[in-house]
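Read top to bottom, the protein sequences are chains A and B. Each residue of the first sequence is one higher than the one before, counting from 1 in our numbering. Each residue of the second sequence is one higher than the one before, counting from 1 in our numbering.
There may be inaccurate statements among the hints.
Copies of the same chain look alike in the list, so a pair counts if it fits in one copy or across any two.
To be verified - Only pairs whose alpha carbons sit at most 25 Å apart, straight line, appear in this in silico SDA-like list of lysine to any residue:
{"hint": "1", "residue 1": "Lys271", "residue 2": "Thr41"}
{"hint": "2", "residue 1": "Lys314", "residue 2": "Thr123"}
{"hint": "3", "residue 1": "Lys147", "residue 2": "Gln253"}
{"hint": "4", "residue 1": "Lys174", "residue 2": "Ile299"}
{"hint": "5", "residue 1": "Lys322", "residue 2": "Tyr96"}
{"hint": "6", "residue 1": "Lys148", "residue 2": "Gln253"}
{"hint": "7", "residue 1": "Lys67", "residue 2": "Phe124"}
{"hint": "8", "residue 1": "Lys148", "residue 2": "Ser252"}
{"hint": "9", "residue 1": "Lys97", "residue 2": "Asn55"}
{"hint": "10", "residue 1": "Lys147", "residue 2": "Ser252"}
{"hint": "11", "residue 1": "Lys93", "residue 2": "Glu70"}
{"hint": "12", "residue 1": "Lys85", "residue 2": "Thr41"}
{"hint": "13", "residue 1": "Lys327", "residue 2": "Ser157"}
{"hint": "14", "residue 1": "Lys271", "residue 2": "Ala228"}
{"hint": "15", "residue 1": "Lys314", "residue 2": "Tyr96"}
{"hint": "16", "residue 1": "Lys327", "residue 2": "Ala163"}
Treat the hints as calculated values from the structure; they're not laboratory data.
Protein chains: 2
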Amino acid sequence: MSVAVIGGGSWATALVKILSEHPIEIYWWMRKKEDVDHILTYESNPRYASDIHINLSKVKPLTDLQKAVEASSIVFLAVPSAFVKEILLSLDKESYKNKIIVSGIKGMIPQENQLITDYIASTFDVKPENLCIIAGPCHSEEVAMEKKSYLTIGATSEATGKAVADCLSCRYVKSTVSLDLYGIEYAAIMKNIVAIACGITHGLNYGDNFQAVLVSNAMQEIGRFVNALHPSGHRVLCSSAFLGDLLVTSYSQFSRNRTFGNMVGRGYSVKSAQIEMNMIAEGYYAVKCINDINQELSIDMPVIKAVYNILYEKISPATEIKILESKLS
Amino acid sequence: MSVAVIGGGSWATALVKILSEHPIEIYWWMRKKEDVDHILTYESNPRYASDIHINLSKVKPLTDLQKAVEASSIVFLAVPSAFVKEILLSLDKESYKNKIIVSGIKGMIPQENQLITDYIASTFDVKPENLCIIAGPCHSEEVAMEKKSYLTIGATSEATGKAVADCLSCRYVKSTVSLDLYGIEYAAIMKNIVAIACGITHGLNYGDNFQAVLVSNAMQEIGRFVNALHPSGHRVLCSSAFLGDLLVTSYSQFSRNRTFGNMVGRGYSVKSAQIEMNMIAEGYYAVKCINDINQELSIDMPVIKAVYNILYEKISPATEIKILESKLS
């Protein structure tokens, strides 16, 4: 069995590590030839998660996307949402036929405000039952350290979900399947916005009491939004795929969205925070998409609106969060 | 208007501070004459939350419980659950008649496994509509620093709840009323058990990914338990009174239950951890009560059961949490 992992970041590297625990061949695509060469020589990713040892008896790093996809029955996508279109469109539209496509991307297609799975289903020759997403709570840094972690595989087909969950289960990772693909995909996107809010309030010197209220209110916002778009009687907001994913992103020191928010709260401009971090905080793009979608829905989401106002309307963080205070309970 | 605050700990001190923001007289009862004298001389509590300034133009510290209760229309209880019976029974049973009794105690009556509000209603001449509880998320340390915090007042009467919420609202605290008194009281007790679980796993070197899953599963456990005991169609588990309270206790560095669990996870015996901390971790008693109650209900609560097994059945933390790993998802 062969699979492809598309992307050279820390989450892609963690996925490669988990997949390497199985007797499968892993085609690992990344953009830069020099990174491939580094991995082939030093058995580690030069840029991200460098402490993860790459087992070259199973992993084939390469820059040839066509070869990676052609050889594989499952394709894992782990690139920033801003680049996914460009990368996928570089192959013929039929290239993905009969393959299982798994999105590990925690964002939407910018401008179009489309879920990654919706975009793939509508653009390529991929059946909806062959689409999956990976939801946390799972920071790649802790996968690197083999700390016990849990993944939820969102799918519309139990069999497809199970096949992917099996590939992503090992001694230190337990993966389970949920058929609430759309709910989980939206929640995974929106959690990054909440993490930015947590960072902003921390940067403004709000405390643990406030953050607990912020996260509780935000979890309800996510629930209202997802239930409006995709009503479901079986959705459990306090499950790992919803609440757990939100918690790890909002509370962990490893969260880049939280770090980005923290800098904004401390007075950095959005631009300088982005330059300083040298990483893309997905929540920055996500809040624009979710706010756009909500223009029509008009769901009450004060936390998400506050982040939008700070990042896009240039309202001062202190002013905006002061207003938010009275909307929470 | 006069109120009484019963207890000399950090939460009692924080309540005195919040109440002092209003034009009311506060009779502050504590056990030790020397503490009263210290406060009268230095305007601060010598033992806990010493950085809170006590405004003696409004606050009357005293050791005479009868006088404190007699003079007051609202009595706030903020003593460890282990001492509440002894303290309340030191007055005549009619002393509490027509007074609003507000419990800020996060535990149950030991041995009897009774909620504080149930105990008061069944033992004293207090009408159920005159009973309230205070739920977090609100660490006293952040009240001391005047960091924005939120309280939920659980009541069975909207009017009583509102009267208490008004006393406990000020520039840095927003208090709202919930009529789900019993649900909130149970959740406030159970959160301390979860905080011990978080501490234990942290002490065992589990990471943020695991903690997020642990807290998500535990929130569902609390929901199952409370819904079985007091079914309600209106209960929102992701609200501040449930989830927020759980988060602040599970994640905050100020949580004594988490600290206690952490020591147990790192190999301290229960006894030596208690001696070292010199503070009572309410969750230690709570898990015994909840486990007893669940003997009849048999609700699936693996996180709470694991804490019980570690603290009372002397199962090694590493073994018990390893077993727990497979029960979470």
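For each hint, the structure was consulted:
| no. | hint | in the structure |
| --- | --- | --- |
| 1 | Lys271 <-> Thr41 | neither (36 Å within a copy, 54 Å between copies) |
| 2 | Lys314 <-> Thr123 | neither (35 Å within a copy, 58 Å between copies) |
| 3 | Lys147 <-> Gln253 | both (15 Å within a copy, 22 Å between copies) |
| 4 | Lys174 <-> Ile299 | between (34 Å within a copy, 24 Å between copies) |
| 5 | Lys322 <-> Tyr96 | neither (49 Å within a copy, 40 Å between copies) |
| 6 | Lys148 <-> Gln253 | both (17 Å within a copy, 22 Å between copies) |
| 7 | Lys67 <-> Phe124 | within (18 Å within a copy, 79 Å between copies) |
| 8 | Lys148 <-> Ser252 | both (15 Å within a copy, 22 Å between copies) |
| 9 | Lys97 <-> Asn55 | neither (29 Å within a copy, 74 Å between copies) |
| 10 | Lys147 <-> Ser252 | both (14 Å within a copy, 21 Å between copies) |
| 11 | Lys93 <-> Glu70 | within (12 Å within a copy, 81 Å between copies) |
| 12 | Lys85 <-> Thr41 | neither (31 Å within a copy, 71 Å between copies) |
| 13 | Lys327 <-> Ser157 | between (40 Å within a copy, 24 Å between copies) |
| 14 | Lys271 <-> Ala228 | neither (33 Å within a copy, 51 Å between copies) |
| 15 | Lys314 <-> Tyr96 | neither (41 Å within a copy, 55 Å between copies) |
| 16 | Lys327 <-> Ala163 | between (44 Å within a copy, 21 Å between copies) |
In this structure, the hints that do not hold are numbers 1, 2, 5, 9, 12, 14, 15, in rising order.
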